[in-house]
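A.B. asks: Given the coordinates of chain A, work out where chain B should sit on it, guided by the hints.
Listed below are the residues making up each chain.
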Amino acid sequence: MNHGDFMYELQTRLESGVVGVSEDASTISIQLNRAYQFAYQYCLDHFPWFYVTSHSFTNVSAILYSSLAFPFRKLHAIEVPTATFGMAREAGFDEYFYINGIPQLAGRAGNPIYKVDKSQITISPACTGTLYYYKHFGDIADTDLTANITTLGTQDAILHPAFEEIVVLNAMISAYSRHMQVSELNMRQQDDMISLIGAQQDKLNRELEPLVSWQKVIPAA
Amino acid sequence: MSYTKAEIRGLAKAEVFSYLPTVKLDNRMIDLNVRRAEMDVFTWYMNRAEHFFRSTFSAADGASLPADFYRFANEGNISGVPATYIDPDKIGFRKTNKWDLATTTSPSYTIYDQLVHTLPNTTTILISYYQMPTNLSNPATADNMASTMPDELKYIVQLGAARRCFQTIIDMAKQLNLTAAEQANAQKALETYGQLYTKERQKGSV
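Here the protein sequences line up with chains A and B, keeping their order. Going letter by letter, the first sequence gives residues 1 to 221 in the numbering used here. Going letter by letter, the second sequence gives residues 1 to 206 in the numbering used here.
Extracted from the complex, chain A is given alone in its bound form (with noise of 0.2 Å):
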């Protein structure tokens, strides 16, 4: 299912539920988006796979994750295929040398080393090669919603298929929350609300429990 698809649903299931909910678009976007990175944290669990991109660099020391196609979640590995093993590993403490207090790495070649710190890998020495890394689809932000929306729109590789009811109920129980918080409700509206919530709650912990039990039986990744 793609952004659509989720937007059509829980609009669907909130103005349709027992409370009846009804929220603009753009609210609905945030609702799902928070759903997403929860789902997102079980998905890279079960399927790391799915997540896995490559980045070919040429000749560099340092690789900005903003110069990455995709938001960096982890790092999987680096390929440099022309040493003498074809993967740098990562450096250990006594591998760093430091000028003025800054760290340095004493890779060579033959033998390439990497660190990866807030905003950057470092890959010493410089040298070409593949990196392999987890991606993500963002962090969402107000500022960058609506380009954000745009492209999950269209997007059906978001999220394995697996996960889709967990987005929903996600969705369902971050909506019902700030219903709760925005609307001026009566002690008997809040008590509805609030076994509301609980019973998405126990969808979501039934809908998440076979997942558990699923991933023993299947050969690992």
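Hints listed in this document are in silico derivations from the structure and should not be mistaken for laboratory results. Since the structure is predicted, the reported quantities are computational estimates derived from the model, not experimental observations. Note that the Cβ used here is the ideal one computed from N, Cα and C, for glycine as well. Please note: incorrect hints may appear among the correct ones.
[Said to hold, decoys possible] Computed cross-link-like contacts, DSSO-like style, restricted to lysine-lysine with a CA-CA straight-line distance of at most 27 Å:
#, chain 1, residue 1, chain 2, residue 2
1, A, K203, B, K13
2, A, K115, A, K135
3, A, K203, B, K95
4, A, K74, A, K115
5, B, K174, A, K203
6, A, K203, B, K24
7, A, K74, B, K13
[Unchecked claim] For the chain B half of the interface with chain A, some residues (derived, Cβ under 8 Å), not all of them:
#, residue
8, E7
9, R9
10, N27
11, M29
12, R36
13, M39
14, Y45
15, P88
16, K95
17, Q131
18, M132
19, Q175
[To be verified] Cβ pair distances, simulated, as ranges:
#, chain 1, residue 1, chain 2, residue 2, range
20, B, A142, A, G198, 35 to 41 Å
21, B, K199, A, S67, 34 to 40 Å
22, B, E152, A, P161, 40 to 46 Å
23, B, N47, A, P81, 39 to 45 Å
24, B, W99, A, N100, 28 to 34 Å
25, B, K199, A, L208, 37 to 43 Å
26, B, S128, A, N186, 32 to 38 Å
27, B, T43, A, G4, 22 to 28 Å
28, A, L68, B, E191, 49 to 55 Å
29, B, E7, A, P71, 39 to 45 Å
30, A, P71, B, P139, 16 to 22 Å
31, B, V81, A, A25, 52 to 58 Å
C.D. replies: Below, chain B without anything else, positioned relative to chain A:
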């Protein structure tokens, strides 16, 4: 021949009708419930009899994954020679470590960028994978499109879809203007179908 989109929708509708003859759910909502029921049955049955969903496809280096790809099944071969799946972090070793070089007599494959990559790169490999059920909830899917689920799972999908439809009806009680009696009926149906569904799952062979 497995069930079609229209057929399974009709069956779910008939189940709903038997308890709540006056209630009408729109087709798209029923299709979504069928889809979720199929995915429930699929993940459950993968535990019991994964071979039902095992299929193969032939892939050259850089080929796209099939549209129904769920995940790889750790088996592949090239002209009868077994090819193993490796994580992308092992690619370098298989390309440059002289004791572990990938060759046509010792091939491997991996997946990144949601594409198949073979080692050696010029190889075409036959890969085993798990097939996901057809997306019958997609509005673009024609009514006569058949599901890829094994036919023997039709009844349990039907029960699962009906169970989910009753849950939807309970959730939408206000919108659907259900009377107290109808709500009670829906609740009773949900419990009954929950039991039938569980019983059918326990009955499953293998």
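A.B. asks: Indicate, hint by hint, whether the structure satisfies it.
C.D. replies: Now the hints, each set against the structure:
1. Of the pairs offered as hints, the one joining K203 of chain A and K13 of chain B holds, with about 23 Å between alpha carbons and a cut-off of 27 Å not exceeded.
2. A threshold of 27 Å between alpha carbons decides the hint, and for K115 of chain A with K135 of chain A the separation of about 18 Å falls inside it, so the pair holds.
3. A threshold of 27 Å between alpha carbons decides the hint, and for K203 of chain A with K95 of chain B the separation of about 47 Å lies outside it, so the pair is violated.
4. Our distance criterion of 27 Å between C-alpha atoms is met by K74 of chain A and K115 of chain A, whose separation comes to about 12 Å.
5. Distance check on the hinted pair: K174 of chain B and K203 of chain A sit about 20 Å apart at the alpha-carbon level, within 27 Å; holds.
6. Of the pairs offered as hints, the one joining K203 of chain A and K24 of chain B holds, with about 23 Å between alpha carbons and a cut-off of 27 Å not exceeded.
7. Distance check on the hinted pair: K74 of chain A and K13 of chain B sit about 46 Å apart at the alpha-carbon level, beyond 27 Å; violated.
8. Restraint check, E7 of chain B versus chain A: the minimum CB separation of about 22 Å is more than 8 Å; hint violated.
9. Hint on R9 of chain B is violated. Least Cβ distance to chain A is approximately 16 Å, over the 8 Å limit.
10. At its closest, the beta carbon of N27 of chain B sits 12 Å from a beta carbon of chain A; the interface hint therefore is violated under the 8 Å criterion.
11. The interface hint given for M29 of chain B is met, as the beta carbon of that residue sits about 7 Å from the closest beta carbon of chain A, less than 8 Å.
12. Interface hint at R36 of chain B: satisfied, since its Cβ lies 5 Å from the closest Cβ of chain A, which is below the 8 Å cut-off.
13. Interface hint status for M39 of chain B: upheld, as the beta-carbon distance to the closest one in chain A is roughly 7 Å, under 8 Å.
14. Checking Y45 of chain B against chain A by beta carbon gives a least distance of about 10 Å; that is not within 8 Å, so the hint is violated.
15. About 4 Å separates the beta-carbon of P88 of chain B from the nearest beta-carbon of chain A, less than 8 Å, and the hint is met.
16. For K95 of chain B, the interface hint holds, since its Cβ comes within 8 Å of a Cβ in chain A; the closest pair sits about 5 Å apart.
17. Because the smallest distance between the Cβ of Q131 of chain B and any Cβ of chain A comes to about 12 Å, over 8 Å, the interface hint for this residue is violated.
18. The interface hint given for M132 of chain B is met, as the beta carbon of that residue sits about 6 Å from the closest beta carbon of chain A, less than 8 Å.
19. A least Cβ separation of about 4 Å between Q175 of chain B and chain A falls short of the 8 Å threshold, and the interface hint therefore holds.
20. At roughly 40 Å, the beta-carbon separation of A142 of chain B and G198 of chain A lies within the given 35 to 41 Å, and the hint holds.
21. The hint said 34 to 40 Å for the Cβ distance between K199 of chain B and S67 of chain A, and at roughly 57 Å that hint is violated.
22. Taken as a hint, the range 40 to 46 Å is violated for the pair E152 of chain B and P161 of chain A, whose Cβ atoms sit roughly 22 Å apart.
23. For the pair N47 of chain B and P81 of chain A, the supplied restraint of 39 to 45 Å holds, since their beta-carbon distance comes to about 40 Å.
24. Checked against the hint of 28 to 34 Å, the C-beta distance between W99 of chain B and N100 of chain A comes to roughly 42 Å, which is inconsistent with it.
25. Distance hint check for K199 of chain B and L208 of chain A: the Cβ-Cβ separation is about 23 Å, which falls outside the suggested range of 37 to 43 Å.
26. Against the hinted window of 32 to 38 Å, the Cβ-Cβ separation of S128 of chain B and N186 of chain A comes to about 59 Å, which falls outside the hint.
27. Separated by about 25 Å at the C-beta atoms, T43 of chain B and G4 of chain A satisfy the suggested range of 22 to 28 Å.
28. Taking 49 to 55 Å as the suggested C-beta distance range, the pair L68 of chain A and E191 of chain B conforms, at roughly 51 Å.
29. Here the CB-CB span from E7 of chain B to P71 of chain A is close to 43 Å, well matched to the stated 39 to 45 Å.
30. P71 of chain A and P139 of chain B have their C-beta atoms about 30 Å apart, which leaves the hinted 16 to 22 Å range violated.
31. The supplied range of 52 to 58 Å is met by V81 of chain B and A25 of chain A, whose beta-carbon atoms lie about 54 Å from each other.
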